[in-house]
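K.L.:
Spelled out from the first residue to the last, the chains are:
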Amino acid sequence: DGGITQSPKYLFRKEGQNVTLSCEQNLNHDAMYWYRQDPGQGLRLIYYSQIVNDFQKGDIAEGYSVSREKKESFPLTVTSAQKNPTAFYLCASSNSLAGGGHNEQFFGPGTRLTVL
Amino acid sequence: GEDVEQSLFLSVREGDSSVINCTYTDSSSTYLYWYKQEPGAGLQLLTYIFSNMDMKQDQRLTVLLNKKDKHLSLRIADTQTGDSAIYFCAERRNTGGFKTIFGAGTRLFVKA
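Just so you know, the sequences run in chain order E and L.
The first sequence: position 35 = 35 (this note's numbering), numbered continuously.
With the second sequence counted from 1, adding 116 to any position gets you this note's numbering.
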């Protein structure tokens, strides 16, 4: 079955620690995204990648880092510099962003990160 | 403003129609989307409409688009308890790199 997976589902971190969230897709999608979801707020874009070995900052990139070494994988690292990291993190993928056409995003099940 | 705006909550009785409203910001947006999020899960695309259409119907779902007012609505007919979820409106902008901008989501409560 084609899809997008995230692990772990729940993650607990002590203050001052870095933590990496996994995102894998087997949909052969070029573009991948990381969003943060907080209660009462829309999805906020952290980083996105349009192609392997390339990624761009979204609206709230500070305190986060990503890599895109393989088409299938787009891990997100939440660093100790992120001041309020407790949130629900969603990864998504889609066909190429270029051209402005229909661009359905396929979402993973999310990772809930709690900083203790 | 910059945001896609939706009301945060809607409560309806089972069997009634639900109407979820959204205002978006970019008049050049080509596609408008409705996504559904079940508790503790990711979002799934429910339906979408191309900007040259006024209406799209898909079984119990009706999407209305008013481009002049930049207003999008989703009507769910005969709402069921299984429709309880968060519904996100999103616009695919043609400016600034074809980003998709999501609203805050409307939490729909369906009372039996």
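Don't read these hints as lab results, they were simulated from the structure.
Fair warning: there could be bad hints in the mix.
To be verified - Looking from chain E toward chain L, a few residues come up when the C-beta cut is under 8 angstroms (computed): (1) G3; (2) T5; (3) D30; (4) G42; (5) N84; (6) T86; (7) L90; (8) F107; (9) G108; (10) G110.
To be verified - Cβ-Cβ distance ranges computed for the label pairs, FRET-style: (11) L:S133 - E:V52: 44 to 50 angstroms; (12) L:S133 - E:N26: 21 to 27 angstroms; (13) E:Q56 - L:S133: 21 to 27 angstroms; (14) L:K172 - E:D54: 32 to 38 angstroms; (15) L:A228 - E:T20: 39 to 45 angstroms.
As the list claims (entries may be wrong) - Calculated Cβ distances over 10 angstroms to all of chain E for the following chain L residues: (16) L124; (17) R129; (18) N168; (19) G219.
No experiment lies behind these values; they were computed from the predicted model shown.
Cβ coordinates follow ideal geometry from the N, Cα and C atoms, glycine included.
K.L.:
Holds or violated: is the Cβ of E:G42 closer than 8 angstroms to a Cβ in chain L?
P.N.:
With Cβ-Cβ at 4 angstroms, under 8 angstroms, it holds.
K.L.:
Within 39 to 45 angstroms: is that where the Cβ-Cβ distance between L:A228 and E:T20 falls?
P.N.:
holds, 43 angstroms
K.L.:
Could you check the hint for me, namely that L:S133 and E:N26 are 21 to 27 angstroms apart, CB to CB?
P.N.:
Between L:S133 and E:N26, where Cβ atoms are some 38 angstroms apart, the hint is violated.
K.L.:
Return the status of the interface hint for E:F107: holds when the least beta-carbon distance to chain L is below 8 angstroms, violated otherwise.
P.N.:
holds, 3 angstroms
K.L.:
Using the nearest Cβ pair, does E:D30 come within less than 8 angstroms of chain L?
P.N.:
Nearest chain L Cβ about 13 angstroms off; hint violated.
K.L.:
Should the hint that L:S133 and E:V52 are 44 to 50 angstroms apart at their CB atoms be regarded as holding?
P.N.:
holds, 46 angstroms
K.L.:
Would the hint on E:G110 stand, with a C-beta cut-off of 8 angstroms toward chain L?
P.N.:
Holds, about 5 angstroms.
K.L.:
Hint E:N84 vs chain L: min CB-CB distance below 8 angstroms?
P.N.:
Since chain L brings no Cβ nearer than about 18 angstroms to E:N84, farther than 8 angstroms, the hint is violated.
K.L.:
A range of 21 to 27 angstroms was offered for this pair. Does it hold for the Cβ distance of E:Q56 and L:S133?
P.N.:
violated, 41 angstroms
K.L.:
Per the stated criterion, does the least C-beta distance between L:L124 and chain E lie above 10 angstroms, as a non-interface residue requires?
P.N.:
Non-interface label on L:L124 violated, nearest chain E Cβ at 6 angstroms vs cutoff 10 angstroms.
K.L.:
Would you check whether E:G108 satisfies its interface hint, that is, whether its CB is within less than 8 angstroms of any CB in chain L?
P.N.:
holds, 5 angstroms
K.L.:
Taking the closest Cβ pair, is E:G3 under 8 angstroms from chain L?
P.N.:
violated, 10 angstroms
Violated hints for the displayed structure, listed by number in ascending order: 1, 2, 3, 5, 6, 12, 13, 16 and 19.
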